[in-house]
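> Here is what each chain is made of, one letter per residue.
Protein chains: 2
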Amino acid sequence: MFGIVVFEGAEELDFVGPWELVGMWHQVHGGPRPVLVGERVATLRCAKGLQVVPHHGFADCPPLNHVLVPGGRGVRSELGNAAMAGFLAERAPQCESVLSVCTGSLLLHAAGLLAGRRATTHWTSLEKLRQMGGVDVVEERFVRDGDVWTSAGVSAGIDMLLAFIASTAGEAVAGAVQLDVEYFPDGCTYGGIERDPRAPRYVRDAGSAPGR
Amino acid sequence: MFGIVVFEGAEELDFVGPWELVGMWHQVHGGPRPVLVGERVATLRCAKGLQVVPHHGFADCPPLNHVLVPGGRGVRSELGNAAMAGFLAERAPQCESVLSVCTGSLLLHAAGLLAGRRATTHWTSLEKLRQMGGVDVVEERFVRDGDVWTSAGVSAGIDMLLAFIASTAGEAVAGAVQLDVEYFPDGCTYGGIERDPRAPRYVRDAGSAPGR
Chain A
225 MFGIVVFEGA
235 EELDFVGPWE
245 LVGMWHQVHG
255 GPRPVLVGER
265 VATLRCAKGL
275 QVVPHHGFAD
285 CPPLNHVLVP
295 GGRGVRSELG
305 NAAMAGFLAE
315 RAPQCESVLS
325 VCTGSLLLHA
335 AGLLAGRRAT
345 THWTSLEKLR
355 QMGGVDVVEE
365 RFVRDGDVWT
375 SAGVSAGIDM
385 LLAFIASTAG
395 EAVAGAVQLD
405 VEYFPDGCTY
415 GGIERDPRAP
425 RYVRDAGSAP
435 GR
Chain B
225 MFGIVVFEGA
235 EELDFVGPWE
245 LVGMWHQVHG
255 GPRPVLVGER
265 VATLRCAKGL
275 QVVPHHGFAD
285 CPPLNHVLVP
295 GGRGVRSELG
305 NAAMAGFLAE
315 RAPQCESVLS
325 VCTGSLLLHA
335 AGLLAGRRAT
345 THWTSLEKLR
355 QMGGVDVVEE
365 RFVRDGDVWT
375 SAGVSAGIDM
385 LLAFIASTAG
395 EAVAGAVQLD
405 VEYFPDGCTY
415 GGIERDPRAP
425 RYVRDAGSAP
435 GR
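So the protein sequences, as listed, match chains A and B.
Numbering-wise (my numbering), the first sequence opens with residue 225 and increments by one.
Numbering-wise (my numbering), the second sequence opens with residue 225 and increments by one.
If you're looking for bench data, these hints aren't it; they were derived computationally from the structure.
Values in this document were obtained by computation on a predicted structure and should not be read as measured data.
Beta carbons: idealized from backbone N, C-alpha and C, even for Gly.
Some hints here could point you the wrong way.
Here are some chain B residues pointing at chain A (derived, C-beta under 7 Å) [said to hold, decoys possible]:
{"id": "1", "residue": "GLU236"}
{"id": "2", "residue": "LEU237"}
{"id": "3", "residue": "GLU364"}
{"id": "4", "residue": "GLY415"}
{"id": "5", "residue": "VAL427"}
Only chain A is shown next, with the shape it has when bound in the complex:
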């Protein structure tokens, strides 16, 4: 079972990108079943206003093989929520892998799960994660350090999940899921973002490569 954690103010695409890929992997190719886990089973309002209902609360959540935490503006209050840190700290050691998207890595850090790890986050929070200390913050689209996977912002979780599926179930399954969800982006960028000095290193590096 693949648990995806949600909370008030979670960023929608942070968790629905991975949700979709895990769901396709599960329905068509025998992967683990995705479940949405919140502190309580009650309607949550996400960062952009989408309303979702978790399948399980922290107290009744079944055993998980994998757990993923999204980011979003709700992270700020979740950093002070002992129930969130407690759930992650309790469940992570029982999981084969722990993943985060965007500023979800701050919640992993608060639960003590990033000590001595290489990790990343949304580009606007790289400095904040560095300041939390004890973690090697890299500016990659996603990074794997053993059983801990962290991705950059929002949409980067999709790329991370494809790599995760390839690592777990093989390249052929990852390719099949990729074709199912037709994830073949056009690579088009707008407004010269790859030349924006605020952009994370992997974006700026791609911008300086020939052919983009």
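Place chain B on chain A using the hints.
Positioned in the frame of chain A, the structure of chain B alone reads:
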């Protein structure tokens, strides 16, 4: 206001990809507000099991500037739902633009909105859309025909929405949203999908281009 229609069995990423981009455009850059619209305001179960609650029902939906319809396995039963076709047929003429992702284009067709238009859909449904007749089906990632935008499967809605924002609000705003959601995909493909003869033409064409 940017209405995103949902129904039982709607594909999660089909509508949450566009939802996220419109939400960011709205919250940070003054774009239209996204609202989720269902036949009734009641919890819906999506194609991969995500549970969402629409903000409005068809009967109490406020005036919309834009309307977007996702696809998913639920499309099959919605094709026989007169309330869905009726809502789309009534609202579309009052909108500045009408959009679909994946097999949402079949629902636009059923509402009479694709007559004489160029359009696309998920690669596994291209033939089905052709058989519906009176529409020029192309194998592009997304296609715009006047005020009607249709995209290929699932994740293709993200690329379409960025182009839509660029067209509506300019390249600089589209770039800002793109950086906000860090949509800078790594372009990695698995299992040689670009050489899969079942893949849509735009994927196969990219596969034969140098450098991919």
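> Take the hints in turn and mark each one as holding or not.
Quick rundown of the hints versus the structure:
Checking GLU236/B against chain A by beta carbon gives a least distance of about 5 Å; that is within 7 Å, so the hint holds. Contact between LEU237/B and chain A, as hinted, is supported at the beta carbon level, the nearest pair being about 4 Å apart and thus within 7 Å. For GLU364/B, the suggested interface contact is broken, since its CB lies about 9 Å from the closest CB of chain A, more than 7 Å. Interface restraint check for GLY415/B: the shortest CB-CB distance to chain A comes to about 2 Å, inside 7 Å, so the restraint holds.
Contact between VAL427/B and chain A, as hinted, is supported at the beta carbon level, the nearest pair being about 5 Å apart and thus within 7 Å.
Of the hints listed earlier, the one the structure fails to meet is number 3.
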